[in-house]
Amino acid sequence: MFRLDEEHLELQASFKEFAENEIKPLAKEIDETERFPLESVKKMAEMGMMGLPIPEEYGGSGIDQLGYVLEIEELAKVCATTAIIVSAHTSLCCWPILKFGTEEQKQKYLVPLARGEKLGAFALTEPSAGTDASMQKSTAVLDGDAYVLNGSKIFITNAGAADVFIVFAMTDKEQGTRGISAFIVERDMPGFSMSKPENKMGLRASSTCELIFDNVRIPKENLLGQEGKGFKIAMATLDGGRIGVAAQATGIAQGAIDEAVKYTTERIQFGRRISQFQNTQFTLADMQTKTDAARLLVWRAAAAEQDGQPYTAPAAMAKLFAAETASYVTNRAVQLFGGYGYSKDYPVERMMRDAKVTEIYEGTSEVQKMVISGFMGVK
Amino acid sequence: MKILVFVKQVPDTDDVQLDPKTGNLRRDGVKSMMNPMDANAIEAALQLKEKHGGSVVVVTMGLPMATEVQKKALGMGCDEAFLLSDRPFGGADTLATSYTLAKAAEKIGDFDLLLFGRLATDGDTAQTGPAVAAQLGIPQISLASSIEVRDGWVYCDRDLGDRVQRVRAKLPAVVTVNGGINKPRYATPINIMRAQKKPRTTWTAADLGCDMTKIGTPGSPSSTKKVFEPEKRNTDTQYLTGSPDEMAKALADLLEAEHLL
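These protein sequences, in sequence, are chains S and Z. Under this note's numbering, the first residue of the first sequence is numbered 1, with each subsequent residue one higher. Under this note's numbering, the first residue of the second sequence is numbered 1001, with each subsequent residue one higher.
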């Protein structure tokens, strides 16, 4: 548990080599231009990284959850945007189809998604249903052989490039959360449109858009799971998604530390390398200790999921701590860089911007605390 | 078609350290990597396998930690790996190394093609591949920038800098490849997991039936007298100021003063 075995060390080395060579060179440019890196998705698909934890029979690589969090961390170390593209696609779109989909849905949607031939997204949030996801205003009304979907979704990661969306909508308003259902929606279904990507502080290339559904007819067979089970599907999906985000946050933190160690051991001030100052040493020691602790929480949550143990609380703890660590560590990294840290010539300012959202999306830190305290029986 | 690829573990080019006492490259505790051109040789072999079928066997000589490069080779898609690791192999020059590698090739047997990177980034000799061909008495093509096999022959373009030479050799043969011949693939997650089940064998000098006078230090007529870092040249930066015309004139004056114009 506290040391990776040979297989996972090799997986980690392979992800690191790939990320350094193929992903890192694009990170600055896609952040500045907000360009969705389709070429990276293609390369990751060739590697089998777009469906890493999905079984081989459904087009994935059949790697365990620990291997998956290693993938997300290595990507996030060099480009948090690329990490969330993969995490949203894998944890939030592939996974619920694997878990709740019919065999036909798996063959039709999961196989091309896990192969990386198609890209996935997850659409739960609405203007008035953010942290309180139960307040869904989107509706899906059964009409013959199709559900007619109306409403809108906001802040949807991958939207601009995605082909397949997991969309939640009310099928029975009277039932509250038990009236929410999940659907597999294709990009080119008539009546489905989207806004331009949001102009965001960080993760600027992940193509976060608003989705608009205007009488979109969703074939009945695209209902994911049973009618009325959508809220449960959403919550279960987010549990796994949070492990991905926690791994992403850990990667952002480690990436900032790696940059800061390199910089402080080269930068000379007052005739000494700034790494020779105790302030630098103590700050870096704090940064690394917190990041290691975050990583262990991520691994624990991933192992629990892999072993079929309950992982809602471990996932919430991992996300809470890793996200706050990412914000702390990247903030300290910018400080260690001084004026250069505030410049776009160095990557730490980007990492600081990217880190912030890990405290917000897929459940804010406050939501994680609600989940954790709930599991503690604190009411 | 059976292809043997010979790979070497070399110090990471970002982390080369010399032992100040012996002058040798430090290998313990230093980050290491697969010699980059050997990765090109593996890629060439895998492409040939994809076209013609058969198997790709990777052979490496070195310390036990050289299993790292074996694992990477298997993760890239090679089928089997052999490590030649034994204290008597230590201190080998290219002659002793080529003898040892040739013994391994003979023991594996039944090969059609032996591939090497053109040179290793640590020794920089480019001798080992051709020397193995000499030990085995088979033809060799060096500096290959393309490689093709048909009708029992291997066809290569040899990149000679100012011209390209197209040559062929009868199989079995040795080919050493340039870095530009291809872009090595990554070890994919699926292949890494499959690699855990692929056969890995370690052989000693006794396993290979080596003549002990031909391996390691006794088998090496050449030795490195001294390895040292070249003296660093002092550089000086002068910043020119003024309008573009003034700066251009100042630059021209400086170059003239240094007799560079």
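Bear in mind the hints are in silico, worked out from the structure with no lab data behind them. Be aware that one or more of the hints could be misleading.
Stated by the list, open to error - Result set (EDC-like, lysine to aspartate or glutamate): computed pairs, CA atoms no more than 16 Å apart in a straight line:
{"hint": "1", "chain 1": "Z", "residue 1": "Lys1183", "chain 2": "S", "residue 2": "Glu46"}
{"hint": "2", "chain 1": "S", "residue 1": "Lys196", "chain 2": "S", "residue 2": "Glu174"}
{"hint": "3", "chain 1": "Z", "residue 1": "Lys1225", "chain 2": "Z", "residue 2": "Asp1093"}
{"hint": "4", "chain 1": "S", "residue 1": "Lys43", "chain 2": "S", "residue 2": "Glu22"}
{"hint": "5", "chain 1": "Z", "residue 1": "Lys1197", "chain 2": "S", "residue 2": "Glu210"}
{"hint": "6", "chain 1": "Z", "residue 1": "Lys1183", "chain 2": "S", "residue 2": "Glu7"}
{"hint": "7", "chain 1": "S", "residue 1": "Lys42", "chain 2": "S", "residue 2": "Asp163"}
{"hint": "8", "chain 1": "Z", "residue 1": "Lys1214", "chain 2": "Z", "residue 2": "Asp1086"}
{"hint": "9", "chain 1": "Z", "residue 1": "Lys1031", "chain 2": "S", "residue 2": "Glu17"}
{"hint": "10", "chain 1": "S", "residue 1": "Lys220", "chain 2": "S", "residue 2": "Glu103"}
{"hint": "11", "chain 1": "Z", "residue 1": "Lys1198", "chain 2": "S", "residue 2": "Glu7"}
{"hint": "12", "chain 1": "Z", "residue 1": "Lys1214", "chain 2": "Z", "residue 2": "Asp1122"}
{"hint": "13", "chain 1": "S", "residue 1": "Lys344", "chain 2": "S", "residue 2": "Glu17"}
{"hint": "14", "chain 1": "Z", "residue 1": "Lys1002", "chain 2": "Z", "residue 2": "Asp1151"}
{"hint": "15", "chain 1": "Z", "residue 1": "Lys1170", "chain 2": "Z", "residue 2": "Asp1157"}
{"hint": "16", "chain 1": "Z", "residue 1": "Lys1031", "chain 2": "Z", "residue 2": "Asp1122"}
{"hint": "17", "chain 1": "S", "residue 1": "Lys28", "chain 2": "S", "residue 2": "Glu359"}
{"hint": "18", "chain 1": "Z", "residue 1": "Lys1198", "chain 2": "S", "residue 2": "Glu6"}
{"hint": "19", "chain 1": "Z", "residue 1": "Lys1183", "chain 2": "S", "residue 2": "Glu17"}
{"hint": "20", "chain 1": "S", "residue 1": "Lys24", "chain 2": "S", "residue 2": "Glu7"}
{"hint": "21", "chain 1": "S", "residue 1": "Lys137", "chain 2": "S", "residue 2": "Glu210"}
{"hint": "22", "chain 1": "S", "residue 1": "Lys369", "chain 2": "S", "residue 2": "Glu359"}
{"hint": "23", "chain 1": "S", "residue 1": "Lys99", "chain 2": "S", "residue 2": "Asp163"}
{"hint": "24", "chain 1": "Z", "residue 1": "Lys1197", "chain 2": "S", "residue 2": "Glu7"}
{"hint": "25", "chain 1": "Z", "residue 1": "Lys1197", "chain 2": "S", "residue 2": "Asp163"}
Practice task
Decide if the proposed pair is consistent with the structure: Lys1183/Z and Glu17/S, CA atoms, cutoff 16 Å inclusive.
Solution key: Roughly 14 Å separates the two Cα atoms, so the pair holds.
Exercise for the section: Mind checking the alpha carbons of Lys1225/Z and Asp1093/Z for me, to see if they're no more than 16 Å apart? Expected result: 12 Å, holds
Exercise for the section: Assess, step by step, whether the Cα of Lys1002/Z is no farther than 16 Å from the Cα of Asp1151/Z, and give holds or violated. Expected result: 15 Å, holds
Practice task
Below or equal to 16 Å on CA atoms is what counts here, so check Lys196/S against Glu174/S.
Solution key: 34 Å, violated
Handout entry: Holds or violated: Lys42/S to Asp163/S, with C-alpha atoms at most 16 Å apart
Key = 14 Å, holds
Handout entry: Given hint Glu46/S paired with Lys1183/Z - CA-CA distance at most 16 Å
Key = With Cα atoms ~14 Å apart, Lys1183/Z and Glu46/S stay inside 16 Å; holds.
Practice task
Measure nothing beyond the straight line between the CA atoms of Lys1198/Z and Glu7/S; if it is 16 Å or shorter, mark the hint as holding.
Solution key: 13 Å, holds
Exercise for the section: Please work out if Lys1031/Z and Glu17/S have their alpha carbons no farther apart than 16 Å. Expected result: Measuring from Cα to Cα gives roughly 14 Å; hence the hint holds.
Exercise for the section: Measure nothing beyond the straight line between the CA atoms of Lys1214/Z and Asp1086/Z; if it is 16 Å or shorter, mark the hint as holding. Expected result: 14 Å, holds
Problem - Holds or violated: Lys1031/Z to Asp1122/Z, with C-alpha atoms at most 16 Å apart - result: Given that 16 Å is the threshold and the Cα spacing comes to 13 Å, the pair holds.
Handout entry: Agreement of Lys1197/Z and Glu210/S with the hint, judged by alpha carbon distance not exceeding 16 Å
Key = Distance of about 47 Å is beyond 16 Å: violated.
Exercise for the section: Verify the proposed pairing of Lys1170/Z with Asp1157/Z, using a straight-line Cα cut of 16 Å. Expected result: With Cα atoms ~15 Å apart, Lys1170/Z and Asp1157/Z stay inside 16 Å; holds.
The structure fails hints 2, 5, 6, 12, 13, 17, 20, 23, 25 (numbered hints given earlier, in ascending order).
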